[in-house]
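Numbering of the sequence shown is given in the numbering used here, commencing with residue -11 and proceeding in unit increments.
These are calculated hints, taken from the structure and not from any lab test.
Cβ coordinates follow ideal geometry from the N, Cα and C atoms, glycine included.
Be careful, since some hints might not be right.
[Unchecked claim] The calculated lysine to aspartate or glutamate pairs, modelled on EDC-like cross-linking and capped at a C-alpha distance of 20 angstroms, are:
| id | residue 1 | residue 2 |
| --- | --- | --- |
| 1 | 143 | 129 |
| 2 | 200 | 102 |
| 3 | 338 | 271 |
[Unchecked claim] Beta-carbon label-pair distances, calculated as ranges:
| id | residue 1 | residue 2 | range |
| --- | --- | --- | --- |
| 4 | 124 | 320 | 21 to 29 angstroms |
| 5 | 353 | 296 | 31 to 39 angstroms |
| 6 | 143 | 339 | 43 to 51 angstroms |
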Amino acid sequence: METSPSGIIFTFFSNMLYLLNLTLNSKILRATIKEGNFFCGSISIPDFSLVYQVLSHRIIVPFTVFETTNKSKEKVVISQMLYCICDASKPAEYLTCGNLVSENGFVHLHRTLDFFVLILVQEGTLHICQDGRAYDISPGEFFVLFPGSTHYGYKPTRGYLSYCWTHFTLSDSPADSIKNLSPFGEDHFRTEDGCLFDPFSAEMIFLPEHGKILPEKRSQLLFLQLLDLAKRSSYQMTRSCCHALNLLLLEISREYLLAEHFGQDLLPTSVQDITEWIQSHFDQPLTVRGLAEKFGYHPTYLSALIKQYTGYPLVTYINRTRISVSKNLLNSHSLTIRQISSMCGFTDEKHFMKLFRQFEGMTPTQYRKAFDQKKINTL
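Could you build all of it, start to finish, from the sequences and the hints given here?
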């Protein structure tokens, strides 16, 4: 399996060893991590050093890339990201969730929690720091606040802000264990043996500190479903929220891995270019002939090519992409069905409603009413 220039792949052995493959400038580096033991190590190649930390089967990875300058030999941070890798067979425990809205000037509280917080921004931009790293979280982007990490808003928001949030815990991951990591041993080497492991087959959740969710992806809808379930207070709904949360985490993990690390292996570059272009231009007039001319294919061949890799003819793929985006827009009650239809690239509202019912088994209005309850906190 090929890896992307800045990819991360996990390899699994039957003797409970994880092999962490780190790729920088197409150079693959590998290091073993023994289950149940704390390991801290570094791997160096010309001009780069990558430092990571791992804790038991619940892996918290501060992922920092440094570049050493030729003149001063000083290390300069290129990028830094925190990841959580956990076993999906040990479910996350749901605590609470809601939807924060602010008209203007919102600044996140300065605090250190003993549980995880997952945030998905819907409108506006959230300015937040975690352990000294500053982020600007835009619409469609998610952010994870880790237990034991200090976070705070570093400047007020400008204008309206709305984001979904949920609190949860993971077993065997107390805040002090994550916060007070210290070196236990150090070893690093390269190995050519061992079989590559597909992260999906091992039921692992890979949760990055920060990432983007495209509007047509399922995880946005799953978050809204979680908010709706939480509003229907009862013991049964609490258990349902726990299941909904874990489904959300699995889906975010799957989407992130597909987009960031495995997309090139799943689709040929030519097909990926076409599908990404459709996802970015769904609101514009799209035809098979127009796309064929743009990408240099015969219309019939192009439609068959897209069907081969997506399971849908080109026209159906375009319509499904538009309907997926419309489902997220339907959660905004300020937009009419006609407006949503137009925003998704449909010129005929009735055609939009017909396709929506065909794909979703209900009308847009019925869908809007299905998950319209959520806890809102205004600041």
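Now for the hints, and whether the structure bears them out:
no.: 1; hint: 143 with 129; verdict: 18 angstroms, holds
no.: 2; hint: 200 with 102; verdict: 25 angstroms, violated
no.: 3; hint: 338 with 271; verdict: 17 angstroms, holds
no.: 4; hint: 124 with 320: 21 to 29 angstroms; verdict: 22 angstroms, holds
no.: 5; hint: 353 with 296: 31 to 39 angstroms; verdict: 36 angstroms, holds
no.: 6; hint: 143 with 339: 43 to 51 angstroms; verdict: 45 angstroms, holds
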